[in-house]
Structures are given as C-alpha cells and as structure tokens.
Amino acid sequence: MSSITDIVNGKGRFVDDISFPGMVHIAFARSNYSRAKLLYVKGGYTARDFPYFMASAGEGATEEDLSLRAPVLASKFAAYLGEPIAAVTGKNRYEAEDNLDSVEIDYDPLKPILDPVEALNSEPVIPGVKTNIISDRYVGKEFSAGEAEIVLEDRLENRRVATNPLETRGIVAAYDGTKLTVWTPTQSAHSVRDGICESMNLGKESVRVIQTDTGGAFGLKGGVYPEYIVAASLAMKLKVPVKWIETRREHLMASRPGRGVVGNMRIHAMKSGVIKGISGDVIVDAGAYGGASWSSGWIAFQITGPYAIPNAYFHARSVMTNKVEQGPYRGAGRPEASFMMERMIDLLADEIGADPLDIRLLNAAKDKFRSPTGMEIEASAGFMARAFEKMEYRRLARESKPGISCFALIPAVSDGESCRIKVERGRINVWLGGNAHGQRHDLWVAKLLSGKFGVDPSIIELQLGDTDMLKEGVGSWGSRSAIVGANALLKVADKVIAHVKKDKGAYTARALLSGDYDEYEYANEKGMLISFCANLAVADADAAGNVRVSKLKAYYDVGKALVPDVVVSQIKGGAVQGVGQVLSENIEFDQDGQLMAASLSDSGVLNSVQSPDIDVYLEEVPSRFPHGAKGVGESPTIGVPTALVRAIERSAGIRIRKTPVSPEEIVNARSRVK
Amino acid sequence: MKNVKVNIKLNGRKFEREVEPRTLLLDFVREFADLTATHMGCDTSNCGACTVLLDGKPVKSCTVLAVQADDREVRTLEGLGEEPLMKRLKEEFIEKHGLQCGFCTSGMLISSYSLLRKKSDPNEKEIREAISGNICRCTGYHGIVEAVKSVKGETAREKLPESPELVRR
Ligand code: FES
Ligand code: FES
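Protein chains in written order, with our numbering: chain A, 1 to 674; chain B, 1001 to 1169.
It is possible that part of the hints are untrue.
[Claimed, not checked] Here are the simulated lysine-lysine pairs, DSSO-like style, with alpha carbons at most 27 Å apart:
| hint | chain 1 | residue 1 | chain 2 | residue 2 |
| --- | --- | --- | --- | --- |
| 1 | A | K422 | A | K501 |
| 2 | A | K204 | A | K422 |
| 3 | B | K1005 | A | K401 |
| 4 | A | K91 | B | K1002 |
| 5 | A | K204 | A | K551 |
| 6 | A | K495 | A | K560 |
| 7 | A | K179 | A | K401 |
| 8 | A | K42 | A | K91 |
| 9 | A | K422 | A | K366 |
| 10 | B | K1149 | B | K1119 |
| 11 | A | K422 | A | K368 |
| 12 | B | K1152 | B | K1125 |
| 13 | A | K422 | A | K551 |
| 14 | B | K1087 | B | K1152 |
| 15 | A | K111 | A | K76 |
| 16 | B | K1125 | A | K11 |
| 17 | B | K1002 | A | K11 |
| 18 | B | K1014 | A | K91 |
| 19 | A | K471 | A | K422 |
| 20 | B | K1014 | B | K1002 |
| 21 | B | K1149 | B | K1057 |
| 22 | B | K1125 | B | K1014 |
| 23 | A | K11 | B | K1149 |
| 24 | A | K551 | B | K1149 |
| 25 | B | K1087 | A | K11 |
| 26 | A | K551 | B | K1125 |
| 27 | B | K1009 | B | K1057 |
| 28 | A | K447 | A | K401 |
| 29 | B | K1125 | B | K1149 |
| 30 | B | K1152 | A | K11 |
| 31 | A | K11 | A | K91 |
| 32 | B | K1152 | A | K551 |
| 33 | A | K390 | A | K504 |
| 34 | B | K1057 | A | K11 |
| 35 | B | K1009 | A | K91 |
| 36 | B | K1118 | B | K1152 |
| 37 | B | K1057 | B | K1005 |
| 38 | A | K526 | A | K491 |
| 39 | A | K504 | A | K491 |
| 40 | B | K1005 | A | K91 |
Simulated from the structure, these hints should not be mistaken for lab results.
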C-alpha cells in the first residue's frame, strides 16, 4: 500500500496510474433506455463473445433460477439505463470512445417501471420471470394491536443515493497464457477473484487479483461488476493488457447505488409513551435482476434498534425495478432501519406531547433484551442517559430545537477475517482479508503488532490486498475491519510468537527479527457485536427552504478506540455523507427513465462550503475481543440523517418522511401546514 | 483531425509533443509526461481532483486543452514537491487527517497552496471557499480546513522556484 507520505507526494498508485506497453482501453456501449427490447446489436464485443452471467443470483433465487442472474452483456433485453451491451477497445480513452460509433443497437423501448411499490404488482420488469418480488419474508412475530391506545402510521422513504467515491470503478487486466492478473481498487480482492472465477468458470489458482490504492469505496467496491468480467475476458481473448476506467456519468447511471427503501410503518403505543409494538412493510428498490435481495430482511431484523419493544412484525420484500441493481452504501440497511424507527418514535412523541428524549429513555432496554426478530442487545438506557447528558441535550432544548437519534450498530462481524504475517530480513509484512481504502488500517496494524512483538512500528508494513499473497479473505465493510481484522491479526501474531518460542526457547523481539516466519490464519467469528450510538443536530430552514446546519454532535460507543483521531476523522467524514443524504444526495429519474443527475454536483455530494463540522464524543466500553474495539465506520451515516431530519422538521414545523428533503419540498410542506 | 504540436513547460521542463487537438491538459500531463499525481475524478468538471497550476493559477486540467497550454507554464503536485510552503501543507494534511483515501489530495493541496500564496492568513470561510471546487468524499473537509489553518500566517510569499533545467524529451 502506498504510504500516506507517498500519497501526499502524488506517488500513490491508483488503478488509472497503471499502464503497460500495448495496453488497450475499453469503452462500453450502454442502453439508452431504462427498459427496451434489443432488436439487434452489431459491432464491438457482445454477449456472443462473452456469454457470461454475473455470479450472484441473490437470496430469493434458487441455484437453478437462471432468469434472475444479470447477463454480463445484455443481448435481447435492456433492463436498466446504462446496462452494458457491447464493448470496444482503442489505444487510448479517446479512441475507445470514438470506436463506440461502430456499435449499432436497435431498440424497441418499453415503458420502464421505476417505482418499487408499483413494481410489486406490475408486469415483470425483465422477461422470463413471473414476479418482480425477489425476496419475500415475514420477520418477527405477528401480534394483535389489542391493548395499544394509540396506533400511528406513516410512509417513510430513503431515496437512492450514489456511493460516489472520488475514484470511480476501474480495472486493469492482463493474461500471460496461463494466469489472469487483475488490478483493481477494492474492499475485497478475494470477492473480485471469486466473482470472476464463478462467472467465467475459471479455477481460483488461475486468477490473481491485486488491490491498487483505492480512492474511496463506501460499499461500491466490495464486489464484482459486469465491466470487470468483460475486461478479464478481453485480456484473455486479445492477449494484451486492458484497462477500463469508469466515467462519473457511468457511475451515476450504472454502478450500484445504495438506499432506495420505502417503509410503511405502524407504531402501537400507550398514552404514557410506552411502545407496545411496531409493524409494517419494508420494500427495497432492488433494481434489475436478482443481486439485491439481501437487504429487505436485514433492515426489518434491526428496526427496533436500542429499544425494548415487545412486539415487532414486518413484511420485508425486495422488488425489481428498471434501474441498476441496488448495492450496499455506507451503512447498508442500517441507516434505513434506523430511519424507520426514529421517525416513528418522533411521531409518537409529537402525538402525545412528550419530549423526544424522555420517550426514548422510557422505551430503552433496561436490561438485556431479545427483540421479536431475534436481535439481542444489552441494556441501552444508561448509555442514552450518558449520551444526551454529554451532548447537553436538555440545555440545548431550552434554547433551540435539537433533533436527536439513537441506534444500535450491528457490524458485519460474522465470518471473521483472515491475516498473514511474514517476518523476513528484519521486516514485518502483513496482509488482511479486508482491504483498506482510506481508513488507515496501517496505523492500528502497526500499533497492535508493535505492542505484541515489542518491535518498532516502522518495520511493520500493511500490504495491499493480493489473492496470491493471502489464501482466503472476506472484505472491509460493515464497520468490521478493526474488529475481525484486528482479531485475526492478534491470533496470527500469537502463532508467530509460539513459533519463535519453539525455535529459540523463548520469545524476544530480537529472536523474532533474526528469523524468517510466515503464519496465516482465518479467524472465523460467529455471533454479533452490537454497540450503541447517539446523535444530536440543530438546523434552521429559512423562508426559501434552505437549511443551515448549526450544530451536529455524535456520542458513540466505539469500544477501545485503537487510533482515536482516525476514529474521529472517520466519524467526521461520514457525518458529511449523512448530511448530504438528507439535504441533496439523490439520483432521480424522470418518468421516461432518464437520469436527472448527470454530474457529481447534480447527484448532491456536498462541497466544503456546504459541509458542517461535528463534535465527536467517544465512549470506550471495551468489546469482548482482545483488542477491545467495536465498530465505527458506518455510525455517522446511520445516526446523522435521522437526527438532522428531526431538527429540520422542528425548525420548519413540518413532518419529514423522506430523504433527501429539498428546499422546495420544505416550502411546499410549510404552505400546507399554514 | 491533424495532430498539432504543443510545447508546454511542465514542472520546469519543456515537453514538446504532437497531440490530437482534443487532448485535455489532464491527459497530456498523465499520459505523455507520466505525472500521475493529477487525478481524474469526473467527466463533468465538478471534482477538482485534476487541479494544476497554469501560469501560476489553479485550473481544472480537464477543462483545458493541451493546445491552450501551449507555450505556457504548468505545474503539478510533483513540480511543487520541494517548495517549503507545499512541504508544510503536506505535513499538516497528514497531521490533521486532511486525507483518507487520498484521491482528492493533490487537487486539494494545489488549491490550498494557491490560496496561501495569495493570502497568507485566510479565515475559515475563505479556506472553505478556496477549496469549494474540490470535492472530497471521505474527510468531510474538516481535516483539510484544519491543515490549511495551521499553515496560515507562515511565510507564503516565496516565488515559484525557477526551472531547474530545460530538458527536451
Ligand atoms: S476531473 Fe473532475 S474536475 Fe477535472
Ligand atoms: S480523501 Fe478520499 S476523496 Fe478526499
């Protein structure tokens, strides 16, 4: 991995910085329509050349249900705007784009189905299937409204947002006659390898994936994409190195965005504010094909969050639409779940005239609690009380109208992670299955390992992901790396120490560095590691509906902060993404299915003038792991949006049901209230 | 279309190349001169990852054709490396967590550097405005603003270093 010094010196090696003699560039002819029959496709490389399908068919589909697998290149039917149909090459980007003129596509456009609720009952959005519903589950336990004195309902929505890392997707691939080597920015070199192998039916030993310096990812770079399969195929077919770098426009239309969830929620409560139950529908806008069936059930599972709500029952469905497949975006289901819960609890507070903190404290878990969906949490009441005291909620509530939120973060701990430590010539190299992309894993690796080994941190180097250097690996997502990555690291360090002892009788740093050691372990991990977090926001909406965020605060239990200022920096960056989701981030389509966000600014990413700062308070209750850390990366995109929405709601005197909320919507909602 | 000859003084060295007239300065710098600190983050001139100095002024190199830079002086991050002000800025970017993934960093450094050369003691608002054409998706800008703040007030008025050599490649 390029060191931070290399990066500030402009010496990072991002994927677009990799070049080989004779390398050709790839450009894609993509569907101009959100839904169309393809009458013919001529020119370029097409599905005839590469008749592959994407590897994952999603939870709702059986192994045999080929109809839900996305083709790598569309041949008869285009299911979303920007779907790749043909590929061309050129000696540089310009020439490749010119060569797109050689591709002819004849379309028979059909009316696209873009609204997931409409898609529940509409004709199928792709041919060959009977329904658009790709995952359909009931989560929790049915209950009767019986004793509840109040039942409130609302329709809530998080619209889709683009992940928008500053470096888009990209790949370089080369084939030497026996082995395919792929360089790509990624959260998981192993996922890219496995995806390529499965799609193209290659053996794992014949593909090597090497992570390049990764210019942000946020969920986008956790998996494999059709363009990557095409690049791999072209490298093998043409026997020259190939490169594809996504344009921002392609990113906005054809790379997997996050969110895109509608919830019809019902909260059952007593006049005292005690919540008896929550129920409703969770509908995920999965986009075309079967890949995004994972999130609806996952959202429903965690809706009750930090509260001890005795009843919960959800109908969770993922529904296909004529849009690109949905994917994980920082939080990946967690922000959506919290949005549902927190919006309903605020609604209840307003209904009975209770203070939003009092009602949260009233319903917080006083003891260990197992939710009706099976989510197990520790007592949360003490945490909430501490959090809002530290954030001075009561004082602020006297002088302004703060919005607050609480949530339970569930990092993706399960399946663990792998690590390899190699000691050679007095230096220590480390590989982790989860590949860093700006979170400074190098710092905690050096800190933990230098402590463990008693060596100078400067001789420890975390390497980029590389499937030839590390047998197996999971990935860096779901707030997991410092938890499971550090756990694997310490386990392998123990193995190294044991090995040194065996060799030399006793462990010393000197004995370690004078020998050669190479140890690996896949540290599997089951169970969950849930932590509590809280946010506070103050904002004003002016007469034109423009929002000024005047205060943001976070109080998170991060376990032991391995590198505290990196933790804070992660929270600050994520907070701005959370604000963006509320104020502006959106990739809207018009009725005909044409994308309205054609640029980075149109898609609503905030710039430096629009971005507020956030005060961060860390609570450090150690986790059960030897390093003591808990999750952190996704917390700000979970808690900031809900607190901010509430602050805007209170300042504007309106009810907010969806993100983003535009100035026009604020003005219109206000005029309806008056 | 016929190729045209352009002659750009790039980081103090003369680069003469025949290019297609449509070649962006960004591609000239990255492809022909192999200077990869300057990044492409968009195709819609919104991100600022491609910022370079053209005759001492910051420009988005994806909005300038190489031919427009003919006979002019271009500096990329690589060409400002040893400059004391830039060195200080880089140290502070690391210290204050002004970067995470680092993809925006060269552009951010150049925009911040230009600000500090114009105004050695900018306030927070001026800093935020000066970098508002540079998008950072990771940091939320806070660390970047802090980094620039901590360099402010220091002597920022030195001249751009003179060209060390003129080499024809
Ligand atoms: S590459 Fe984005 S502004 Fe130039
Ligand atoms: S550090 Fe990643 S975009 Fe700025």
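Now the hints, each set against the structure:
| no. | hint | in the structure |
| --- | --- | --- |
| 1 | A:K422 x A:K501 | holds, 16 Å |
| 2 | A:K204 x A:K422 | holds, 23 Å |
| 3 | B:K1005 x A:K401 | violated, 63 Å |
| 4 | A:K91 x B:K1002 | holds, 17 Å |
| 5 | A:K204 x A:K551 | violated, 51 Å |
| 6 | A:K495 x A:K560 | holds, 24 Å |
| 7 | A:K179 x A:K401 | violated, 61 Å |
| 8 | A:K42 x A:K91 | holds, 21 Å |
| 9 | A:K422 x A:K366 | violated, 47 Å |
| 10 | B:K1149 x B:K1119 | holds, 12 Å |
| 11 | A:K422 x A:K368 | violated, 42 Å |
| 12 | B:K1152 x B:K1125 | holds, 13 Å |
| 13 | A:K422 x A:K551 | violated, 47 Å |
| 14 | B:K1087 x B:K1152 | holds, 13 Å |
| 15 | A:K111 x A:K76 | holds, 16 Å |
| 16 | B:K1125 x A:K11 | violated, 30 Å |
| 17 | B:K1002 x A:K11 | violated, 34 Å |
| 18 | B:K1014 x A:K91 | holds, 25 Å |
| 19 | A:K471 x A:K422 | holds, 14 Å |
| 20 | B:K1014 x B:K1002 | holds, 22 Å |
| 21 | B:K1149 x B:K1057 | holds, 21 Å |
| 22 | B:K1125 x B:K1014 | violated, 38 Å |
| 23 | A:K11 x B:K1149 | holds, 25 Å |
| 24 | A:K551 x B:K1149 | holds, 21 Å |
| 25 | B:K1087 x A:K11 | holds, 15 Å |
| 26 | A:K551 x B:K1125 | holds, 17 Å |
| 27 | B:K1009 x B:K1057 | holds, 14 Å |
| 28 | A:K447 x A:K401 | violated, 42 Å |
| 29 | B:K1125 x B:K1149 | holds, 11 Å |
| 30 | B:K1152 x A:K11 | holds, 25 Å |
| 31 | A:K11 x A:K91 | holds, 25 Å |
| 32 | B:K1152 x A:K551 | holds, 26 Å |
| 33 | A:K390 x A:K504 | violated, 52 Å |
| 34 | B:K1057 x A:K11 | holds, 23 Å |
| 35 | B:K1009 x A:K91 | holds, 26 Å |
| 36 | B:K1118 x B:K1152 | holds, 11 Å |
| 37 | B:K1057 x B:K1005 | holds, 23 Å |
| 38 | A:K526 x A:K491 | holds, 16 Å |
| 39 | A:K504 x A:K491 | holds, 20 Å |
| 40 | B:K1005 x A:K91 | holds, 20 Å |
Going through the hint list in order, the structure does not satisfy hints 3, 5, 7, 9, 11, 13, 16, 17, 22, 28, 33.
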